[in-house]
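Engineer: Below are the chains, spelled out letter by letter.
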Amino acid sequence: MPQHTGTPVILALDAGGTMTDAFVVDDTGSFTIGKAQTTPHDESLGVVESFRDALHYWDVTAEQAGPHLRAVVYSGTSMLNRLLERTSDERIGVIVTAGMEDYLQLERSVQTYAGYAYSDRLHVVTHIHNEPLVPRARIKGVRGRVSFFGEEVLPLYADEAKEAVNSLLDQSVTAIVVSLLYSYRDPSHEQEVAKIAAEVMASRGVDIPVIVSSTSTPVRGDLARLNTLLVEVYAARPSRRQLQAVGERLHSELDSTAAVRVLTSYGGTVSPDHESLVSTLVSGPIGGILGARRLAELYETSNVICSDVGGTSFDVGLISERQVATRTEPTVARFLLAIPTIAMDSIGAGTGTRVRVDPAVRRVTLGPDSAGSRLGMSWEPGGESVPSITDCDLVLGYLNPDYFLGGSVDLDPDRARKAILEQLAKPLGSSNVEETALGVVRLLETEMRDHLMGMILGMGYAPENYQMFAYGGGGPLHAAGYVGSLEFQAVRVPSWAAAFSAFGCACADYTYRYDRSVDILVPPAGSREQVLGLLRQTWSELEQRILADAARDGIDPKEVNIVPSVRMQYFGMLDDLEVQVSSQSGDAEQVIAQMMVDFDSLFEKIFARAAKSPESGYFLTKAIAVGTYPTEKPVIPEFVLGSKTPSSSAEKSSRKVFEGSWREARIYEMDELTSGNVIAGPAVVEAPATTFYVPTGYQATLDRFRVFELTRS
Amino acid sequence: MDQATLADLIDGKLPWHQLKEVLSGNKDIARFDLYIEVLQSRVSFKETILLPLGEHLYVVVDASGRRIVKCDCGYEFGPVERNWKCASAVLVRDSDELLEEIYDPWNRCDPSWEELREFYCPGCWSLLEVEAAPPGYPVMFDFQPDIDTFYQEYLGRPVPRS
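Chains as they are written, first to last, in my numbering: chain A, 1 to 713; chain B, 1001 to 1162.
Worth flagging that the hints you see were computed from the coordinates, not collected in a lab.
Yeah, the Cβ is synthetic: ideal placement off N, Cα and C, and Gly gets one too.
Some clues are possibly wrong.
[To be verified] The calculated lysine-lysine pairs, modelled on BS3-like cross-linking and capped at a C-alpha distance of 27 Å, are:
no.	chain 1	residue 1	chain 2	residue 2
1	A	Lys35	A	Lys633
2	A	Lys656	A	Lys644
3	B	Lys1013	B	Lys1027
4	B	Lys1013	A	Lys426
5	A	Lys426	A	Lys656
6	A	Lys418	B	Lys1027
[To be verified] Ranges between beta-carbon positions, derived for each pair:
no.	chain 1	residue 1	chain 2	residue 2	range
7	A	Pro359	B	Ile1010	16 to 26 Å
8	A	Gly458	B	Leu1023	43 to 53 Å
9	A	Arg363	B	Ile1010	22 to 32 Å
10	B	Ala1133	A	Leu122	45 to 55 Å
11	A	His129	B	Tyr1137	43 to 53 Å
12	A	Ser385	B	Glu1076	38 to 48 Å
13	B	Leu1023	A	Ile562	43 to 53 Å
14	B	Ile1010	A	Ser385	16 to 26 Å
15	A	Leu122	B	Tyr1154	37 to 47 Å
16	A	Ser172	B	Ile1029	47 to 57 Å
17	A	Ser649	B	Ile1029	53 to 63 Å
18	A	Thr174	B	Phe1150	57 to 67 Å
19	B	Asp1142	A	Asp575	42 to 52 Å
20	A	Met19	B	Phe1032	55 to 65 Å
The shape of chain B in the complex, shown without the other chains:
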């Protein structure tokens, strides 16, 4: 797959017959590097992307070799080992009024049982993630990627140091 096709795939612009080919085709090991290349060309920062972490979010390696989470606007959330959500701006919808801003009254949850937590980037105010949890439940840590193993054993090369 070439870069232009992959860029269309990321943007959701690939025509169905081509998308179907990708969905049904074999896994292509070289595609990860190509994917990173496209992502890298689209962000405003210079640090090397190690792994995309979700919409707008990336794990990057900074000048001092630390692995940190960054938004595509450049905002830094801190080291990858810590939950990036703790460094984000949060809106908790835990009342009828707040829930009914986005749901019809007969479609929303009961806020005494469940609340919605929206995590925003303090740099660009993009919505990064939403979680639904019972009130009082700790902020969820989505996952901790094993970057070293992924690079060494799947891609077969060392993790970039800078």
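Just chain A, with the same shape it has in the complex:
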């Protein structure tokens, strides 16, 4: 390894259930990756260990590097695990509108099959209700009603609210969540309940948090709203202390002054002090999209399809016209949540996907379960009993058994061969292991390609207008296969594909986003003054919250760039789309007219021109404000293009690969390749964290950013 000269400046962390990965970037754009065991009792210990591990490749100590850190970005799964395993210590009490106390028992049907494979979604017998986060005895109803139009239909029964609070306190709750119907239209009933709760608590000498939906999540959709508050209190907030401790340890042990930021599902970062931590619950595949957006800037392209092949899933996201689509009501861990989330679609197909033959119909089935970190049959310590895609890649010669994860994991091709023969080939009436393995890999790649096509064509886009970025540990290995006959503008495989998500995390800015339901009808004709007045009032409320957040995190409010947007639909439409308000200059007529034009053109792109229906007017569902503050980002170094022929030191050896018949493939070491090198297939480019397979008929060119461009030769 060459002598390292840069100064480490960025640390991006991915704390999984078992391992914490650290991705360290220096001021020249070089990076290194470290791993350490996750330490659930105090995550900061694992974080520092992981940082040390990453730095040792550069012969730098954490103490030397610490003071130079300028950005620390964290993403992790501890909140999600707390939710999935129901291990929180929080005893939540809930106050809802009387008659609605069975929210968690009734649920919405989508929660009874969320996350299932297609066949299980169809078969009602597999649907099941979730264990409620709060038992029925701690959910109290209070009479009173505000209508959809924000009018008080029934006054709040204050004595019932008092009784409810007392009853919950008798049950020793640790927090009270209040979510009343249509409180986002008129919060007065909720505020009254909060006031009563404060009085009762004061008289009883108790002090616990009271969370009110109209303050923290003022959006339509009462189950998702209640769930969001519950998950916030149950799973997200208990992590706040842990996240703060990460920053404290980096400061006390390593003398770092960089603020720790946490990645959110809408693609920015917030500080651990952020009120709504639930938005950081899922951020796993988001990093990749952010990385792709950064890379798209370099290539000056506005349309990118991002494909991430991990061990368990194949995640696809779209960047269209430089915009990433956002969804507002995702299901997470089988809960509908009201948190804005970058739109990604995943299927259960990855390198760890388990492969079986259905004995009744003799058909190959892929997953949907995965060997995950246990890899497959070829890794004996994993204890797997079913072959995986990795096993197939191994017997086909695409993977090097002695260089998997840089040689730190020994794979046994004979175990893989035996498993594929016994469990797949024989039941299919074949004795040819390679033919079977190739068939399985092609089936997987076909499923992936169908998924890609569904994403692009389903939205009415054409692959010809998109560049495809393939990353994740398995992306480079299968990219040529799953792109297949799709004619993308370009297929790009970053040489740092395995760490691409972490790279993306490191690219995230400080981003504060607030949504609020407004439900404003814009009739086809009439004055726009009142509409814009209402929007401006809401935007300015949201802006105040953003500025308060920025001030809390020590950011100069003048440096925060705030962009207002709306979610809107044709009146009567079910779905809504997000439209950025490009200009607020001019009179109300002009501003609203421009919003309509922007919405129409977005609608045309996503649906169809013929389906536009502005006749009955437009409906504004939400007002949104997003404030961003740019932070230190990794530099992507640019190299001079050199010789097309790789240096002799780059070509390590050759190996037979099976592509229907055996062929001799050249084997390259990725680190030894230089910009400008052209690799003709069949070839395998190996790196410790990933393997790039260039099949016969393809060639890969390493460009000035050390990204491979895969083309047909």
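On the provided structure of chain A, position chain B as indicated by the hints.
Structural biologist: Below, chain B alone, put in the same frame as chain A:
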């Protein structure tokens, strides 16, 4: 699947995550034999079970090679080709009074349109089957299993003769 898991499945004691695996998993041809083994170990008679026919009821092959329907208490209903219900004890609920023993008045059917027929085992008085039919409608013959085809073509072996 092992015998203990299957026994739990039959008794409805399998935890959800395991049950879900069974529901979503592939069909397992070997499971039929395992299922018969568990059932056989639970009945009081010695004859070989060919096929379960419903709760408590089995098609078995007797010493002389005849296929007969038996209750798990050992009571014999006669050859499988004949409707076992004809050999059972029947309670017909065809009046307001009898229907209201089990239903609230506003929930029951009108007995001039529909009656409930409960079929009991004369040996152990287990409730074996209930049918709802218009008065006068013949006793329903639920189904006639094609045991030979099932064994030969699905299980791929001959039907046990004893």
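Engineer: Against this structure, judge whether each hint is valid.
Structural biologist: Consistency of the hints with the structure:
1. Simply put, Lys35/A and Lys633/A have alpha-carbon atoms about 22 Å apart, close enough for the 27 Å limit, and the pair holds.
2. Taken as a hint, the Lys656/A and Lys644/A pair is honoured in the structure, with Cα atoms around 24 Å apart against an allowance of 27 Å.
3. With a CA separation close to 20 Å, the supplied pair Lys1013/B and Lys1027/B stays within the 27 Å bound.
4. Pair hint Lys1013/B plus Lys426/A does not hold up; C-alpha atoms about 35 Å apart against a cutoff of 27 Å.
5. A threshold of 27 Å between alpha carbons decides the hint, and for Lys426/A with Lys656/A the separation of about 24 Å falls inside it, so the pair holds.
6. At most 27 Å may separate the alpha-carbon atoms for a hinted pair to count; Lys418/A and Lys1027/B meet this at roughly 23 Å.
7. As the Cβ distance of Pro359/A to Ile1010/B is approximately 22 Å, the hint placing it in 16 to 26 Å holds.
8. Between Gly458/A and Leu1023/B the CB atoms are about 30 Å apart, so this pair departs from the stated range of 43 to 53 Å.
9. At about 28 Å, the CB distance of Arg363/A to Ile1010/B agrees with the hint of 22 to 32 Å.
10. Range check, Ala1133/B to Leu122/A: about 32 Å between beta-carbon atoms, so the 45 to 55 Å window is missed.
11. Range check, His129/A to Tyr1137/B: Cβ separation about 38 Å, and the 43 to 53 Å hint is violated.
12. Checking the proposed 38 to 48 Å range against Ser385/A and Glu1076/B shows it holds: the Cβ atoms sit about 45 Å from each other.
13. Hint check: Leu1023/B to Ile562/A, Cβ distance near 50 Å, so the stated range 43 to 53 Å holds.
14. The given range of 16 to 26 Å is respected by Ile1010/B and Ser385/A, whose C-beta atoms sit roughly 25 Å from each other.
15. The hint said 37 to 47 Å for the Cβ distance between Leu122/A and Tyr1154/B, and at roughly 24 Å that hint is violated.
16. Separated by about 54 Å at the C-beta atoms, Ser172/A and Ile1029/B satisfy the suggested range of 47 to 57 Å.
17. Under the hint 53 to 63 Å, the C-beta atoms of Ser649/A and Ile1029/B, about 56 Å apart, fit the expected range.
18. Checked against the hint of 57 to 67 Å, the pair Thr174/A and Phe1150/B passes, with Cβ atoms roughly 59 Å apart.
19. Taken as a hint, the range 42 to 52 Å holds for the pair Asp1142/B and Asp575/A, whose Cβ atoms sit roughly 48 Å apart.
20. A C-beta distance of roughly 43 Å is found between Met19/A and Phe1032/B, which places it outside the suggested range of 55 to 65 Å.
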